[in-house]
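Novice: Using the sequences and the hints, build the whole thing.
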Amino acid sequence: MGEIRGPVQSAKQVSEWPPDDEALLELGQTGGKPIPDNYWTLKDAFEGVQVFGGTGSGKSSGSGKALALAFLEANMGGLVLTAKTDERLAWEKYIVDSGRPKDDLIIFGPDKKFRFNFLQYELEREGRGAGHTENLVSLFCSVLETAERKQGSGGGNDAYWQRTLKQLLRNTIDLAILAIGSADLPSLYRIITSAPQTIAQLDDEPWKEKSECFRLLAVAKANAEKLNRKDDFQMTEDYWLKEFPGLALETRSVVVSTFTSMADCFLRGMLRDLFCTETNFTPEDCFDGKVILIDLPVKEFHELGQFAQLLFKYVWQRAVERRIPPGLTRVEAQQKIRPVFLYADESQFFASAYDALFQSTARSSRACTIYLTQNLPGYQSSFGESGGRAQTEAFLGNLQTKIFHANGDPQTNNWAADSIGRARQVQHSAGLSDMAAKPTGSSQNAGGTMVFEFVVQPQEFTMLRTGGADNNELVDSVIFQGGRRWVAVENGKSVVRNFLRHGFHQNPKP
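So that you can map any letter, position 417 of the sequence shown is 417 in this note's numbering, and since no number is skipped, the others follow by simple counting.
Because the hints were derived from the structure by calculation, they are not lab data.
Any given hint might turn out to be false.
Okay, derived cross-link-like pairs now, BS3-like style, lysine-lysine, Cα gap no bigger than 30 Å in a straight line [as the list claims (entries may be wrong)]: (1) LYS230 - LYS208; (2) LYS509 - LYS93; (3) LYS112 - LYS84.
Per label pair, the in silico range of CB-to-CB distance [what the hints assert, rightly or not]: (4) LYS242 - GLY397: 44 to 50 Å; (5) GLU92 - LYS221: 24 to 30 Å; (6) ASP86 - ILE199: 38 to 44 Å; (7) SER364 - THR279: 26 to 32 Å.
Just so it is clear, CB atoms sit at the ideal spot from N, CA and C, and this is done for glycine as well.
Specialist: Put into structure tokens, the structure is as follows:
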């Protein structure tokens, strides 16, 4: 396999991003010389990348590192999600190695100054969709449902509970905005937990004095008059004073518990400090070249780290999707809109149903998704038992570049071989038999049968080199890209194929 020299280097440090058709990586080199047909560009990156490799395969230090350095040297902004505790150190080194200023890396974690109030951000951000209650409801529900792995469970009674939860949130957010002008999570919690439980309670004077919900209704009524939002307030008032206390006890307790149980981790400790106080950075910082790293690795912070990163990823994806101004042509976008990337190693912790929708328009948004994981079963498990396989296939179908490293998982290896495809091949056969009755004493026969067989056998993925000193720091890979014709050189001749064998160097020379 050819050796990569690392991301394409410029004579001087770039001040802006490269054109969409300029090479980020040179793949499948022969004799130390690159093959132009195998250049991998920003256009390719916009179509998404999925890297597979078993533990110890070298995927992070091979293709993962090469991609990270390529994006940094191209002066792109991005979001990095972390699963392992050493990823922050790795990216701090990548920033230095790529020649970027150290402050281009925003580290969002408990030991840093950065804070992000996600509900207040959605309320106050720029754009025509900002400040709408329904967008806040959608943001809150989508993030929490994703984190709880409830995708694919709709229909029937589940659909009813989801609608009821959204109704609760809609009226809570409207009341908070009308009364106090904000929609932070602690305020929503206080409103819901102090709401009337029965119609009779509305005549209880001691309860009225203690209820935050009842107090804010009076404030909201006065403000609604000033803001000319009397109709909105009337709906909110009717909900809290008539519909909510009139619900059956079981229904009301389930809806309230759904909210409080999902929001609980954001209402205390580290996550409250990070996500429910102030906002001093936003996803839009990536559009100016910043790289945001969420330093809450799953292996250290467990469910809290996963929950927080799913939240920020979803908010970031929505910000990326709305950033292209209407009427801007593709040529103008290449000149004015900085490309950005989403990078996640151990991506099975962070994949969600929304990823397939995001990736379907990522090219128009000038966004690159780079996910690295061990195997297919990891994704299927993360998406859940209900529809896990279908959601995995839909998600991976939108990531056009697949990089396969050494793997011992049969399902992944067979899927890789099947993705590359089969070809008509001759299966040879031969025989030798003794024939004592004839003077020759034996006979020979040979033949062949046309069969369709894997172009790359699943077994090959079990024998790829995994880097280290024993392998000259080379990490083997098989690369497949939908619609791509790669050029390989065999016996001095160029051969066109739909896959490419390539070796990534773990310590590429500049």
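Novice: So if I understand the rule, the pair passes when the alpha-carbon distance is 30 Å or less; does LYS230 with LYS208 pass?
Specialist: Holds - the C-alpha atoms of LYS208 and LYS230 are around 22 Å apart, at most 30 Å.
Novice: Would the pair LYS112 and LYS84 pass a check requiring their Cα atoms to be no farther apart than 30 Å?
Specialist: holds (18 Å)
Novice: Would the pair LYS509 and LYS93 pass a check requiring their Cα atoms to be no farther apart than 30 Å?
Specialist: holds (15 Å)
Novice: Starting from the hint 26 to 32 Å, judge whether the C-beta atoms of SER364 and THR279 obey it.
Specialist: holds (27 Å)
Novice: Measuring from beta carbon to beta carbon, are LYS242 and GLY397 in 44 to 50 Å?
Specialist: The hinted range 44 to 50 Å holds for LYS242 and GLY397, with Cβ atoms some 48 Å apart.
Novice: When you take the CB atoms of GLU92 and LYS221, is the distance between them in 24 to 30 Å?
Specialist: violated (53 Å)
Novice: That 38 to 44 Å hint for ASP86 and ILE199 (C-beta), does it hold up?
Specialist: violated (58 Å)
Checked against the numbered hints above, the structure violates hints 5, 6; every other hint is satisfied.
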